[in-house]
Each structure stands twice: as structure tokens, then as C-alpha cells.
Amino acid sequence: MADRIATVFMWGVALLISAVFAWIVGDLLLQGLPHLSWGFLSATPTDAGRAGGILPILVSTLLILAVCMVVAIPLGLGTAVLLSEFGRRNPLFGRLVRYSLDVLAGVPSIVFGLFGNAFFSLYLGMGFSILSGGLTLACMVLPLLIRSSETALRAVPDDYRRAAAALGLPVFATLWRILLPAATPGLIAGLVLGIGRALAETAALLFTSGYVDRMPGSLLDSGRSLSIHIYDLAMNVPGGESNAYASAVVLIMLLLIINALTFRAADRWLHQRITAV
Amino acid sequence: MSENCSPAAAESVSDDPQSQRPWMQREACCATYEPCLQVRDLAIAYAGKPALRNVTFDIPRGCITAIVGPSGCGKSSFLSSLNRLSDLTDGCRVSGSVRIEGQEIVGAEIDLIALRRQVGMIFQKPNPFPLSIRENLTFPLKHHGMSDRQAREAAVENVLRRVGLWEEVKDRLDAPALGLSGGQQQRLCLARALVLSPKVLLLDEPCSALDPLASAVVEDLIASLRGDYTVVIVTHNLAQARRIADNVAMFWLVDGAGTVVEHGRAASVFEAPANPITAAYIAGARG
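Residue numbers (this note's numbering), protein chains in the order written: chain A, 1 to 277; chain B, 278 to 564.
Warning: the hint list may mix true and false statements.
[Claimed, not checked] Computed list of lysine to aspartate or glutamate pairs in EDC-like fashion (alpha-carbon distance at most 16 Å, straight line): (1) Lys402/B with Asp488/B; (2) Lys447/B with Glu434/B; (3) Lys402/B with Asp158/A; (4) Lys402/B with Asp102/A; (5) Lys476/B with Asp505/B; (6) Lys476/B with Glu378/B.
[Unchecked claim] One side of the interface only, derived from the structure: several residues of chain A facing chain B at Cβ under 8 Å: (7) Gly26; (8) Arg162; (9) Leu167; (10) Ile178.
Hints were generated in silico from the structure; no laboratory data involved. The structure presented is a predicted model; accordingly, all values stated were derived computationally and were not measured. Where a beta carbon is used, it is the ideal one built from N, C-alpha and C, also for glycine.
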């Protein structure tokens, strides 16, 4: 009897979660899809976004994401390797770094926005720019990326490390050829989470990359991200709801496409480098 | 390393039923007891707690030396101090002296990479890299400076034949090594150690994770190494030690730390143990 109640309860919870997801996506698709067209993707916004398309916004979003990832991936991977492979000699240092990261991961994004504004935009003189926004996002995504990469690396069996050490193989060759490929699935999962977080971010970008909806000419131009565009259309522009819906659909599709491409690229790389998992 | 017992003997394994048991030529292969490793007053402690102390004995060149004794008396610690893999364990301190062919390896200023190239190791659980069968062997070779691809391929075939894996895998060298069976994986690990042409091989219970059939194959293989390599094998299986060892060191827990209570030729240790502890252990294990 207790088993049956438990089963029903679990199914209920699972269905509830799926239902919420289906509701959100369904609502978005219902309201957004009719406004979605090639023209919408390839035109510039007019009338404060009520009409026209989102091309410059799409470009800005991708540029911000690119800046963020170009900075965050090497830094994140480097720190994760330091923590998991070399941090054992100095546990106090590792604990300190991990603790800082956990605190950083919980800091509200608006605080990151203020920090980015003060440091990148004002102190370093980048102004409201895609560069400033991307760097701020990188700061935000880093804790997530580092902790997930570290976990992925730690999950690689010690057997490999001992085998490699016993063969007199250099640490970096082992890392590059054995440990990182073996950790790839975990690394990718973390990366995808990071990308999701970066694409969804609104508050931190308000103060850093700004909300100019023209096509950016360089990384030092201000650029409006999709999430900010949606926020602006939904909150500040009467009559902008339908385009807000359409933009939201684009954002979700973008996320799905980037995730799929990332997984595919990782799969390919994995197949080239190691032949089994 | 006499000529009687060497690769030639191994090559002929498949042809001549007599030589299917190359370890029968024990006397020929391990005739002279010249020390290859000289262990003097070796002690190992983990975070200040002694695990092993006063270990002093010689390990003869070209022979198979079995390290036996109950669990927790420092056998594996001893083994990992011989290739300095103990360095990987935090808080592990090794003191005393170990000379391999006269060269001291305990202490700071030794070339670990060169040491580990000379001293191969096989672990209890087979641990091939998650690479293809071929890459498991070429990867170490590349990093030890064999840049000629053809030479590497030749070395791969040679060493796979040596461990009797060539016929089984020659058509799928690019298949994942983790797809092999446990016994095959362990033989691949042995091949991976042999491909660097070490002088000494350390085996940490190499058969204990394998099924009886695979275990027998690996055991025969280890026996066939006699003469070509100085083999040190930790084993819980006394019957196995009896079958393959030329030389035995009996480890025992004394005052909270492991030490060697008896060592010498296998025949004398097994048939006429001098130490009552050894006698009781062997008798107990027998019954």
C-alpha cells in the first residue's frame, strides 16, 4: 500500500514538472510562432521593437556569448585542473578557492552587473559594450564552470592516473590524452549549463552591454541581448508582447541549437580521441 | 639472464608442448642469485604512522620474487616504494635505502620518469587507458621518445605477441581497449609495461580480479617472464606463489607495522620455513 502511494506520488511529481514545462513551451509556441518568420530574423527592429525584426539583437547575443565563453572556458578548465590534479598538495588553498567559488555562484546576477559596470565599463573604460557584458557574464559563469569541470575530472578513476604515473608519462600528456577526454561528458554538461545561464542573463547585462538595439560595429559597441530585448518589449513597450513572444521562442531555439551542436562536437571529438567511454 | 630462458623460449610456446610450461626451466632461468634490488632498512609511514619498518633483503636479478603475507602488512606499500608511486600518496614518507642495479632510488634527487621507465608496474584491477588497443601501447612509446611510426608498430606487434594477445586482437587494434575481457585487459596492461623494456616488473596481485581461467593464463605469462625481467609479485594466493616464485619474502605485522620475517628461496621457505610465523601461515593457508 505504502509502495503504491509512493509510486503515485512520484508519478504525480514527475507529471507536474513536465506539465509546467509543457505549459511554458506551449504558451510560447502558441503566441510566438505566428510572428516568427525569416523576415523577423533578418530585419532590424523598428518602432521600439513593436515592428521589424531582431537581427542586430541576435548578433549582439551571439557576440556576448562568444566573448563570455572564450574567456570562461580556458580559465574555468585551467582552474578545475589546478583544483583536481594539483590542488591535492595544498588542500587549504583548494578549500579556499572552492569556498569562494561557491559563494560567487550564489551571488545575485544584479550584483555581478554592478561589479561589471564599475570594473569593466567604468574603471577599465570599456563603457557600455559587448566586451564589458561578455566579461561580466564570464565572471558569473566561471564558478559554475569550474565546479562542474572539477567534479567531472575528479570522477575520472584514479586508476588512469596511477597507470600513467607508473609508465613515467608526463602529467600534461596524461591530462590532455587521458583525463580530459575521459571527463568530456561531464565537462560538456557543465558547459551547456553555463551557456544556458549566460543566454538567460538579463540583469547583469543591463549595466554592462546596455540595450542599444542597433547592429554592433565592434565589440566595443553597446549591444542588446535577446533576454534584454524580451524584458524591454514585455515591460516597457506597450504593444510589444507579440514580438516579445517571438523573441522568446528564438531564444529557446537558440539554446537548443547551441546545446545540440555542443554535444555533437564533443561526441565527434571523443570519437576521434578515445574510442570508448 | 641466460640464453636458455628468454624470448626464444617464449616464441616456441605454441609449437612445443614441452615448453608450454617455460617456468619448468626455473633452474636455468634464475640460476645465479645476483641482487638486482637491494633493500636496506626501508621504512614507510603514512602521516607519521608507520606502515612498514626494518625491511632488508635482496631481490635477485631475473627471478620471480613473491611477496606474501596477510592483508594490511604493507606489501603493496612496499611495492609502490620501488617505483616511487608512493609519491602520489599524500603524507607518505619513505626512508631507508633501495638500490636498483646499484642506483639509489629513495630520496629527492632522482629522475622519476627514467626510474618508472625501468620499473614497470601492473595493478590488481586491469587499468588500460580509455584508448584503442594500439594507442594504449603507442602512447607511452611516443612519450618516451620513439618517434618513428614503423618502429612503434613493430614494437606493438612484438609486445602483443609476447603476452599472447596478438592473435586475439590483431584485426581490431583500433577497437577500444575497454572492450576487452578482464584477462585480456590485464595482459594488455602487461604489454603496456613491457613495451618500454623495463628491467624490473612490479605486480600487485595481478590475478586476483580475474576469473580462474584468465588468472591461469596471466599466471603462465608471468612465469614466462623469468629470466628476462626481475619480477616482484605481491600475492595472497600461496598456491600461486609456490607455483611461480623462485624467491619469497614473508611480510608480517610486528608491533603495528609490517616487516619481513623471513625471506629466501621459495623451496626452502615453503618446505622448511625457519620462522614459526611463516610455518603457521603456510600451514594455515594450506589447510
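Hint by hint, here is what the structure shows:
no., hint, in the structure
1, Lys402/B with Asp488/B, "holds (12 Å)"
2, Lys447/B with Glu434/B, "holds (8 Å)"
3, Lys402/B with Asp158/A, "holds (11 Å)"
4, Lys402/B with Asp102/A, "violated (36 Å)"
5, Lys476/B with Asp505/B, "holds (8 Å)"
6, Lys476/B with Glu378/B, "holds (9 Å)"
7, Gly26, "violated (42 Å)"
8, Arg162, "holds (7 Å)"
9, Leu167, "holds (5 Å)"
10, Ile178, "holds (5 Å)"
In summary, the structure is inconsistent with hints 4, 7 from the numbered list given earlier, while agreeing with the others.
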